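**Q** Throw the hints in and build the complete structure from the sequences for me.
Protein chains in written order, with this note's numbering: chain B, 1 to 449; chain Z, 1 to 449.
Read the hints as simulated data drawn from the structure, not as lab findings. Because the structure is a prediction, the values reported are computed rather than measured. Built from N, CA and C at the ideal position, the CB exists for glycine as well. Misleading hints may appear alongside valid ones.
[As the list claims (entries may be wrong)] Reference listing, derived: stretches of chain Z covered by chain B, where coverage requires no fewer than 3 residues with Cβ under 8 Å from a Cβ of chain B:
{"id": "1", "stretch": "39-49"}
{"id": "2", "stretch": "69-75"}
{"id": "3", "stretch": "78-86"}
{"id": "4", "stretch": "134-141"}
{"id": "5", "stretch": "259-269"}
[What the hints assert, rightly or not] Taking lysine to aspartate or glutamate pairs in the EDC-like style, the calculated list, with each CA pair at most 16 Å apart, reads:
{"id": "6", "chain 1": "Z", "residue 1": "336", "chain 2": "Z", "residue 2": "273"}
{"id": "7", "chain 1": "B", "residue 1": "115", "chain 2": "Z", "residue 2": "136"}
{"id": "8", "chain 1": "Z", "residue 1": "336", "chain 2": "Z", "residue 2": "33"}
{"id": "9", "chain 1": "Z", "residue 1": "336", "chain 2": "Z", "residue 2": "84"}
{"id": "10", "chain 1": "B", "residue 1": "432", "chain 2": "Z", "residue 2": "99"}
{"id": "11", "chain 1": "B", "residue 1": "432", "chain 2": "Z", "residue 2": "248"}
{"id": "12", "chain 1": "Z", "residue 1": "432", "chain 2": "Z", "residue 2": "248"}
{"id": "13", "chain 1": "B", "residue 1": "133", "chain 2": "B", "residue 2": "31"}
{"id": "14", "chain 1": "Z", "residue 1": "133", "chain 2": "B", "residue 2": "424"}
{"id": "15", "chain 1": "B", "residue 1": "336", "chain 2": "B", "residue 2": "98"}
{"id": "16", "chain 1": "Z", "residue 1": "115", "chain 2": "Z", "residue 2": "273"}
{"id": "17", "chain 1": "B", "residue 1": "115", "chain 2": "B", "residue 2": "273"}
{"id": "18", "chain 1": "B", "residue 1": "336", "chain 2": "B", "residue 2": "283"}
{"id": "19", "chain 1": "B", "residue 1": "336", "chain 2": "B", "residue 2": "31"}
{"id": "20", "chain 1": "Z", "residue 1": "115", "chain 2": "Z", "residue 2": "98"}
{"id": "21", "chain 1": "Z", "residue 1": "336", "chain 2": "Z", "residue 2": "354"}
{"id": "22", "chain 1": "B", "residue 1": "115", "chain 2": "B", "residue 2": "293"}
{"id": "23", "chain 1": "B", "residue 1": "432", "chain 2": "B", "residue 2": "157"}
{"id": "24", "chain 1": "Z", "residue 1": "432", "chain 2": "Z", "residue 2": "157"}
{"id": "25", "chain 1": "Z", "residue 1": "432", "chain 2": "B", "residue 2": "212"}
{"id": "26", "chain 1": "Z", "residue 1": "432", "chain 2": "B", "residue 2": "99"}
{"id": "27", "chain 1": "Z", "residue 1": "432", "chain 2": "B", "residue 2": "219"}
{"id": "28", "chain 1": "Z", "residue 1": "115", "chain 2": "B", "residue 2": "424"}
{"id": "29", "chain 1": "Z", "residue 1": "432", "chain 2": "Z", "residue 2": "98"}
{"id": "30", "chain 1": "Z", "residue 1": "115", "chain 2": "Z", "residue 2": "219"}
{"id": "31", "chain 1": "Z", "residue 1": "355", "chain 2": "Z", "residue 2": "219"}
{"id": "32", "chain 1": "B", "residue 1": "133", "chain 2": "Z", "residue 2": "424"}
{"id": "33", "chain 1": "B", "residue 1": "355", "chain 2": "B", "residue 2": "219"}
{"id": "34", "chain 1": "B", "residue 1": "432", "chain 2": "Z", "residue 2": "98"}
{"id": "35", "chain 1": "B", "residue 1": "336", "chain 2": "B", "residue 2": "32"}
Chain residues, written in single-letter form:
Number of protein chains: 2
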Amino acid sequence: MSEPSTAPARPRVVIIGGGFGGLAAARALADEDVSITLLDRANHHLFQPLLYQVAMAGLSPADIAVPIRTVLRHQPNVRVLLADVQGLDLIARHAVIDDGSYVEFEYLIVAAGAKTNFFGREDALGRHALGLKTVDEALDIRRRVLCAFEAAERANDEAVRRRLLTFVVIGGGATGVELAGALSDLSRTVLSDDFRAIDPGEARVLLLERAERLLPGFDPRLAVKALEQLRELGVQVQLGSAVDRITERGVLIGSELTPAATVIWTAGVCGNELGGALSVELDGSGRVPVRPDLSIAGFPNVFVIGDLARFVPEGGTAPLPGLAPVAAQQGRHAAKNVLRRIRDRPSESFRYVDKGAMATIGRSRAVAQALGGRLRLTGLLAWLAWLFVHIWFLIDFRNRVSVLLNWFWSYIAYRRGARLITGDRPWELAEKLAAPPPSSRTTDVAAPK
Amino acid sequence: MSEPSTAPARPRVVIIGGGFGGLAAARALADEDVSITLLDRANHHLFQPLLYQVAMAGLSPADIAVPIRTVLRHQPNVRVLLADVQGLDLIARHAVIDDGSYVEFEYLIVAAGAKTNFFGREDALGRHALGLKTVDEALDIRRRVLCAFEAAERANDEAVRRRLLTFVVIGGGATGVELAGALSDLSRTVLSDDFRAIDPGEARVLLLERAERLLPGFDPRLAVKALEQLRELGVQVQLGSAVDRITERGVLIGSELTPAATVIWTAGVCGNELGGALSVELDGSGRVPVRPDLSIAGFPNVFVIGDLARFVPEGGTAPLPGLAPVAAQQGRHAAKNVLRRIRDRPSESFRYVDKGAMATIGRSRAVAQALGGRLRLTGLLAWLAWLFVHIWFLIDFRNRVSVLLNWFWSYIAYRRGARLITGDRPWELAEKLAAPPPSSRTTDVAAPK
Numbered sequence: 001m002s003e004p005s006t007a008p009a010r011p012r013v014v015i016i017g018g019g020f021g022g023l024a025a026a027r028a029l030a031d032e033d034v035s036i037t038l039l040d041r042a043n044h045h046l047f048q049p050l051l052y053q054v055a056m057a058g059l060s061p062a063d064i065a066v067p068i069r070t071v072l073r074h075q076p077n078v079r080v081l082l083a084d085v086q087g088l089d090l091i092a093r094h095a096v097i098d099d100g101s102y103v104e105f106e107y108l109i110v111a112a113g114a115k116t117n118f119f120g121r122e123d124a125l126g127r128h129a130l131g132l133k134t135v136d137e138a139l140d141i142r143r144r145v146l147c148a149f150e151a152a153e154r155a156n157d158e159a160v161r162r163r164l165l166t167f168v169v170i171g172g173g174a175t176g177v178e179l180a181g182a183l184s185d186l187s188r189t190v191l192s193d194d195f196r197a198i199d200p201g202e203a204r205v206l207l208l209e210r211a212e213r214l215l216p217g218f219d220p221r222l223a224v225k226a227l228e229q230l231r232e233l234g235v236q237v238q239l240g241s242a243v244d245r246i247t248e249r250g251v252l253i254g255s256e257l258t259p260a261a262t263v264i265w266t267a268g269v270c271g272n273e274l275g276g277a278l279s280v281e282l283d284g285s286g287r288v289p290v291r292p293d294l295s296i297a298g299f300p301n302v303f304v305i306g307d308l309a310r311f312v313p314e315g316g317t318a319p320l321p322g323l324a325p326v327a328a329q330q331g332r333h334a335a336k337n338v339l340r341r342i343r344d345r346p347s348e349s350f351r352y353v354d355k356g357a358m359a360t361i362g363r364s365r366a367v368a369q370a371l372g373g374r375l376r377l378t379g380l381l382a383w384l385a386w387l388f389v390h391i392w393f394l395i396d397f398r399n400r401v402s403v404l405l406n407w408f409w410s411y412i413a414y415r416r417g418a419r420l421i422t423g424d425r426p427w428e429l430a431e432k433l434a435a436p437p438p439s440s441r442t443t444d445v446a447a448p449k
Numbered sequence: 001m002s003e004p005s006t007a008p009a010r011p012r013v014v015i016i017g018g019g020f021g022g023l024a025a026a027r028a029l030a031d032e033d034v035s036i037t038l039l040d041r042a043n044h045h046l047f048q049p050l051l052y053q054v055a056m057a058g059l060s061p062a063d064i065a066v067p068i069r070t071v072l073r074h075q076p077n078v079r080v081l082l083a084d085v086q087g088l089d090l091i092a093r094h095a096v097i098d099d100g101s102y103v104e105f106e107y108l109i110v111a112a113g114a115k116t117n118f119f120g121r122e123d124a125l126g127r128h129a130l131g132l133k134t135v136d137e138a139l140d141i142r143r144r145v146l147c148a149f150e151a152a153e154r155a156n157d158e159a160v161r162r163r164l165l166t167f168v169v170i171g172g173g174a175t176g177v178e179l180a181g182a183l184s185d186l187s188r189t190v191l192s193d194d195f196r197a198i199d200p201g202e203a204r205v206l207l208l209e210r211a212e213r214l215l216p217g218f219d220p221r222l223a224v225k226a227l228e229q230l231r232e233l234g235v236q237v238q239l240g241s242a243v244d245r246i247t248e249r250g251v252l253i254g255s256e257l258t259p260a261a262t263v264i265w266t267a268g269v270c271g272n273e274l275g276g277a278l279s280v281e282l283d284g285s286g287r288v289p290v291r292p293d294l295s296i297a298g299f300p301n302v303f304v305i306g307d308l309a310r311f312v313p314e315g316g317t318a319p320l321p322g323l324a325p326v327a328a329q330q331g332r333h334a335a336k337n338v339l340r341r342i343r344d345r346p347s348e349s350f351r352y353v354d355k356g357a358m359a360t361i362g363r364s365r366a367v368a369q370a371l372g373g374r375l376r377l378t379g380l381l382a383w384l385a386w387l388f389v390h391i392w393f394l395i396d397f398r399n400r401v402s403v404l405l406n407w408f409w410s411y412i413a414y415r416r417g418a419r420l421i422t423g424d425r426p427w428e429l430a431e432k433l434a435a436p437p438p439s440s441r442t443t444d445v446a447a448p449k
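**A** Written as structure tokens, this is what we have:
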């Protein structure tokens, strides 16, 4: 592993992470005389903006994931390794991977991404909430939500059924808004014909947001529109609502318990743990502060990009948000700076070109903005724009036709494409959801704070 | 759970299993004045004949699975429950499900299916072999096979790489033949562009069969054709080859070890454990002997159908094979006999109408027979017939268009649709596949018999 198969004279570039940032960097180096190794813990690149559709049984994982090595198959200067990077030695210039072997580099681009953040309160918040950052987490949510419906169909007790059919989404950012809208759609659709004992009126979707508005990255007028559209869909939005505790029984706000079998957490992300291996002080969200050229202090050959980087634009105060376009643009920029370094030229500062943002709300509603908020769309028009942009970006995927058809079908026929409960012994999960262990009942109610 | 929501005067029919048999029975009772409860451990009906395509990353699980309650949504006299049947009381006439509650019946149709059978040698054969009966098992195989390629790309040692790229399929029935053909296709396709360190010539697919021929249910001439076609695809078929032991290191035949990281077992199935609850003596494969009308001895109101039933046709000696058409025909027949019993008429004997059998071999080859073997097809023509029949039967599924497109794409573009490694920490699996624990090495080699 320590010697690449290509000629050692070519500069070795290691890229950690095959997300939007890492892939963009690798592709930007396609025609260059470098030897690239891309390391990722998954074998697939994930079209993360649509992950909530997998969680909501609208798409299959394969519709939004493609093997990284397939994406890069025609780029002979890259080799892709499925590996977990467990350490970095920036002085000796190598990464240590899971089997203990070294992967050496002259240049390093770290694009390891973000993970769900419970702000140090894993015990109170994390243990019974579901995050949404990976395919497996999305499948977990799908399993839980579908099992809750199954358990509700079996339940004889009215209170139990109500709890099973209450779904709480915490966090009013784009992911939370999209999930809540899709959950409401799913409940209405699924409940319409398929069940016998469940009354459609019983399903509740709650969206809880700590701040006084939704969608912090968006124009405030769009946030209000999003709120209206969610309410039209029947989502109960509670702003200014900080959750104190999540238990098997539900969500505690102050001492008030909202019984719910399914709680999904989208209220925060933080940098991947690999940030800690970079000998730089991280910010409060575990992100790595980077210099204007995206390198880190003291190591002009080491770049950090995407969700893991804390990049504050010149003259700005807030760091750039963790969005796919930011990561992709930074990936291309880091690649360019690697090349400049190789050619002994000074690196250049990164400038983000904001192309806009969008969030979908259920089957035919969305909000979208472009040109720094000067162009704003809502409703069906925004949804069509959203659809177009997402299909367009899936163009690199083999399965855009399949995705289109799945959507088409699921929007037209009001059905869901991938309503599949996988994993061992789903009936036990259904049972557990219906009747959480009695011990936790007492604890939870007795210790709200 | 003990009282159905419908009027108790209507005869209650409980169907266990939502496979081809159970669904056919439920549908045959659609317009009848009965109250049906269908119990299944999964929430989905599975199009099992295509399960090997999921294992080989050609299709997503959702392409071949559909929620049982969606299939039956327009049939108001059925309710579907996700439940594990843990006991049956045929005298008191109820099933006991996982939460301890009873589901009562006047008529019972047991269609619980089959599971992988290691003939009582789980220790020697079952522990390191992968079965293929459920979606989760298919995903397991997919994960293992794709991880073996990933581990091979990382491996420095020639012998390790050879072992990782050796895939053994045990059992030369339809499933084994189809798997081996698809594996060979997958290896050739995957290896072509995507990897850097693997030499395509290294991948080996072995198909081991204990008997002296393949495809026992087929005309012998077709079995020979299948053998030829598999060999054209590069599959190494060994007939008359009985495996003595399967370990983490490979397969032992006598004392000869064939090193292989992936061993798939399709050499036998036996009846689901529920057969044991029917107070009837089971046959050697755990199947329930049924009478000509499909009911069991002593209980004219209890019917067993499909893979779980041992039905010997009148004048025949061999029981009917475990095939989807057998189960579906038996399902409809059992439903008809339930109705005859309700109306105090004598039940009728079941007669199987053999519509033929087919098995696909890789991308464009197959064997097919109809009219009791008088009509035989091989090669591309058989493959097209196979494609047509399978798409046709998927017509009940919402996703036939999506499946068609996936296939079309994967056959035309020589790519694979769902090459996704899911599950936690795939790099650890890759590592384990590359280096099985040293303790088992000694044991395995020292104790071949």
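**Q** Evaluate each hint against the coordinates.
**A** Hints, one by one, checked against the model:
no.	hint	in the structure
1	39-49	holds (count 4)
2	69-75	holds (count 4)
3	78-86	holds (count 6)
4	134-141	holds (count 3)
5	259-269	violated (count 0)
6	Z:336 / Z:273	violated (26 Å)
7	B:115 / Z:136	violated (26 Å)
8	Z:336 / Z:33	holds (13 Å)
9	Z:336 / Z:84	violated (26 Å)
10	B:432 / Z:99	holds (10 Å)
11	B:432 / Z:248	violated (35 Å)
12	Z:432 / Z:248	holds (9 Å)
13	B:133 / B:31	violated (32 Å)
14	Z:133 / B:424	holds (13 Å)
15	B:336 / B:98	violated (29 Å)
16	Z:115 / Z:273	holds (9 Å)
17	B:115 / B:273	holds (9 Å)
18	B:336 / B:283	violated (26 Å)
19	B:336 / B:31	holds (12 Å)
20	Z:115 / Z:98	violated (20 Å)
21	Z:336 / Z:354	violated (19 Å)
22	B:115 / B:293	violated (24 Å)
23	B:432 / B:157	holds (15 Å)
24	Z:432 / Z:157	holds (15 Å)
25	Z:432 / B:212	violated (50 Å)
26	Z:432 / B:99	holds (10 Å)
27	Z:432 / B:219	violated (50 Å)
28	Z:115 / B:424	holds (15 Å)
29	Z:432 / Z:98	violated (35 Å)
30	Z:115 / Z:219	violated (26 Å)
31	Z:355 / Z:219	holds (14 Å)
32	B:133 / Z:424	holds (13 Å)
33	B:355 / B:219	holds (14 Å)
34	B:432 / Z:98	holds (11 Å)
35	B:336 / B:32	holds (11 Å)
Of the numbered hints listed earlier, those contradicted by the structure are 5, 6, 7, 9, 11, 13, 15, 18, 20, 21, 22, 25, 27, 29, 30.
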